[in-house]
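Number of protein chains: 2
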Amino acid sequence: MATLAPVLDSLDSNFDTSLDRLFDLLRIQSISTDPSFSAECRKAAEWLVADLTAIGFEASVRDTPGHPMVVAHHDGPAGSPHVLFYGHYDVQPVDPLNLWDRDPFDPAIDTDETGVKVIRARGSSDDKGQIMTFVEACRAYKAAHDQLPCRISILFEGEEESGSPSLKPFLEEYKQELKADFALVCDTGMWDRETPAISTGLRGLVGEELTIHAANRDLHSGSYGGAAANPIRVLAKIFADMHDETGRVTIPGFYDGVEETPTEILKSWENLGETAESMLSPIGLSQPSGEQGRSVLELVWARPTAEFNGITGGYTGPGFKTVIPAQASSKVSFRLVHKQDPQKIREAFHAFVEERLPADCRAEWGKEHGGSPAIQLSYDAPFLSKAQAALSDEWPKPAVMIAMGGSIPIVGDFQTYLGMESLLVGFGLSDDRIHSPNEKYDVESFRKGQRSWARILDALAK
Amino acid sequence: MATLAPVLDSLDSNFDTSLDRLFDLLRIQSISTDPSFSAECRKAAEWLVADLTAIGFEASVRDTPGHPMVVAHHDGPAGSPHVLFYGHYDVQPVDPLNLWDRDPFDPAIDTDETGVKVIRARGSSDDKGQIMTFVEACRAYKAAHDQLPCRISILFEGEEESGSPSLKPFLEEYKQELKADFALVCDTGMWDRETPAISTGLRGLVGEELTIHAANRDLHSGSYGGAAANPIRVLAKIFADMHDETGRVTIPGFYDGVEETPTEILKSWENLGETAESMLSPIGLSQPSGEQGRSVLELVWARPTAEFNGITGGYTGPGFKTVIPAQASSKVSFRLVHKQDPQKIREAFHAFVEERLPADCRAEWGKEHGGSPAIQLSYDAPFLSKAQAALSDEWPKPAVMIAMGGSIPIVGDFQTYLGMESLLVGFGLSDDRIHSPNEKYDVESFRKGQRSWARILDALAK
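So the sequences go chain by chain: F and L. One rule links them: number in my numbering = place in the first sequence (from 1) + 228. One rule links them: number in my numbering = place in the second sequence (from 1) + 228.
Keep in mind that a hint or two might mislead.
Given that identical chains are not distinguished, each listed pair holds provided it fits within a single copy or across any two copies.
DSSO-like, lysine-lysine: derived pairs with alpha carbons at most 27 Å apart [what the hints assert, rightly or not]:
| id | residue 1 | residue 2 |
| --- | --- | --- |
| 1 | Lys549 | Lys595 |
| 2 | Lys370 | Lys690 |
| 3 | Lys625 | Lys614 |
| 4 | Lys396 | Lys407 |
Because the hints were derived from the structure by calculation, they are not lab data. Computed from a predicted model, the values in this text were never measured in an experiment.
Start from the sequences, fold in the hints, and give me the full structure.
Okay, here's the thing in C-alpha cells:
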C-alpha cells in the first residue's frame, strides 16, 4: 500500500484544518427552499469552486434556473476509471429555531449526551460534512502524490432539499461532460457506528390517486341506504382484495420481474441482527405486515409492496352525518424492486380496479406520481467488492451490502440520463437528526469518512 | 255521515279566512337555530296559544331551557279516543336569501311553473301549513257541532329544526299530562299529488365512530412499507367483510328481529310504480346496491343496512405523500327495521371488528350515535285502517301505507316516554323545497289537508 499510507497520514495530520474548512462551509446559510437565501446558496457554490480549484480541479459554478451547480474535473492516470462524485451543498431550513441548542450556522465541536464528539450545525451530516470527506481525500492525494488515483469529476447540487427541479435538464444538457464509468454518491449512512454500509438496492415507486364515483350527489342514508351504491364500500372492497391472507399482493402480474435475493445476501442481512422486534418496537408494533416467511429487512429492502397512503370520503368532521357520499378518494402507492416495470404495474392496478367496479360506479384516476423503477446493483460488480473491502479495512466491522426501502432520485437519474450505476457510500448515522433541530455529524464519521474515500479511490484505481 | 258534512262545509266556506290565519303565522320569523330570533319563536307560540284558546282549547305556552312548547287540551265525548297531535312551529333559516324569489316571511299565493297554486313562504310546508290543517279541522268541528269528536291534546314544539334538545325532558316531565291513546304526527308527505300516505314504518339508526390505530406515529412507506401494519388496509378489510356477494350484511346476529314484510304490503308497494330506474336515475344510478331480489322500496323501507358514512386516514391533500398513517378513522351506521335491537347491533359490530384486528392494531370507539330502534306499526291496528279509509274518501286515489327509510325522532320518543304509537299523516309533496329557498305548500294540500283531518277525526271517533 505504498500509495495509500502517505495519503492517510496526510489526512490525519491535516484533520484540524479540514475541520476549519468544513466549518467555513457550514457557516454559509445555503437553505435552498427559501428564496431569501439565494445569495447564500451561490456563496456555498463559489466557496466549493474556490476550494476545488485550490486542490487542482478545473471547477466552475454553473447557473441553472434555480440554484447553481458546481462541476469540477481532474485527470487521472491513463487507464484508471473515471468516477463522478455527487453530493449537495444546500441544507434544510432550520425552523423551529427555538429547538436548537445553538445557532445552526455557527458550527462547533460538541459532546453528545452519550459522550461522543460531534460536529453540531445544520448541514453537518446532510450533506456538507459528507461531501467534504471526499474533497479532503482528494486534497490528501494531491498533497501526497501530486495526482489523483482516478480521473474524477464532481457534481454538487444546490437544490436537493427542494426537489432537484434543475437536475434532470442539467444532466441532459451536460451528458457528455458528466458521463463517467460510475458514480460515487455520498448522501447515505452507516449501518451502525462500527459498520460501514454500501446501498446496493433502492426500491422504486409508483403512486396513483384513485377516486370512486357513485351517485351524482351526496345522499341521505335514510332515504337511499340499501338502494344506492356507496363508494367507500366499493373502495374498501377493492383495497381488501389487493392482498391475500399471506400478505402477497394479488394484482395479476405484480411479481413479474421480482427476483429472489441471493441466499448469502439474506444471510448477511440476518447477521445484522435487525429483528421484527428491534425494528418495530420503537414504532409501537411487533409483527411484520408483509409477505409471510420473510425477515423485516428483506420485506423493506427487497420485496415490493402495495400501500394505502391516504383515503377520504363522506363526512369526516366531529359528530355524525348519515350521508352516502357521492365519491371516495384515495392515494395508493407501490414500492417496486428489481425489474418490476412501473408502467406495467400502473396498468395492472388500473385493470384490477376497473374489473371490480360495480355497475354505476366509475374510477377517476388523478395525476400519476412516482414512476421510478427500482435500482439494483449486480452483487458481483467489481467496484462493489473493491469498495466493500476498502471500507472493511477502515472500520471496526466489515462493510455490509444493504438496501433501502425508499428511493434516492439521483441514482435513477444517473441511470436514465448518463447510463451509469452508482456506488452509494455515506457515513451518516441514524441519530444525526438530519432535517431536524440540532443536526450533528460524528467527528469520527468525518475523520474515518475521509480515510474511507482515500481507501476506496485507491482500491478502485487498482 | 251526519256529523261530517257540516264540518267539511264549514272548512270550505271558511277557507279564505283559514289562509289569512296561516299567513299571520307564516309572517312570524320563528327560526329556532338562530338565537337572535328567540323573540319571534315565542311570538309564534303565543299566536298559537291565542288561536287554540279562541277555538276553545285550554292552551298555554310552556317554557323550556330553549324555545317554548305549546300545550293545549280539549275534551271529547265520553268513550271517544284521546289523541295527541304533534307538529312544530319553528322553521329553518332562510339563507341564502338571494335565491328566494320573494321575502320568505311575506307569504303569498303564487302560481308554480306547472300552473299549480301554492302558498309561498318559509314554513309553509314545514311545518306551519301542516299544523294549521289540523287546527282548522278542530275549529270547523267546533263551529259545526260545538264540540270535538275526540278528546284532543296538542303539542307544538319550537325546536324541531334544531335537534329538539328540550323535547325528551319535557315529555318525561309532562308524561301524565301528555299521554294519550295514540299520537297524530303531521310532519310527513303524500306519496304523490293524488295519493295520500300513512307512514307505518320508520327505520331505526345506530351510528359508530371507529378508528383503527397501528404504529405510534405516521411512517415513511419507503422505510416501513412491507413491515408496518397499515390501518387503512385493516379498515378496508373489515369494511369489505361486512357484506357478502348478495348484498347481505355478514355481522353475526344482524338479522335477528328482522321480519319479512307481508306479501300484500309488498304488493301494494309494487303498485306504487316506483322502480329501480325511477328512484335511482335522478341520482345518476341504475342498480340497487342492497340485498339482491328485493325491490328498491323494500330495500329502503323494510330492510336493514350497514353504511359507511365517512372515512379518513393518511394524506388527503393535493399531491402525494408516501406515508403509512398511524391511524384511520370512519363513521359507520346501521339502519334498523322491525325488532332489531340497537344495543345488540352495536355489540355485534364491535365484536365483528375486534375479531378482525390483526396483531398490533387496536380499535378506538368514539361517541355512540343514534341508538333508536325501528318503528313498525302493526298493519292491522284499527286506527290505521280507519285513517286509511278516511284519507281514501278525500283524495283522488286510495291512501297507501308506506314506510320511511329514515327516522323521525319524535315517533320514537312518543314510544319511549309516553308508550304510545303514532299515526303519521301529512300533505307535503316532494317538490315543496323544505329547508331550501322558495319553500311552498300546495293550496290543495292545505285545503284537502284540513278536510282529511276532519274525516280522520270523524273516523277515529267511531
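Hint check results:
no. : hint             : in the structure
1   : Lys549 to Lys595 : between (30 Å within a copy, 13 Å between copies)
2   : Lys370 to Lys690 : within (18 Å within a copy, 116 Å between copies)
3   : Lys625 to Lys614 : within (16 Å within a copy, 94 Å between copies)
4   : Lys396 to Lys407 : within (14 Å within a copy, 80 Å between copies)
In summary, the structure agrees with every hint in the numbered list given earlier.
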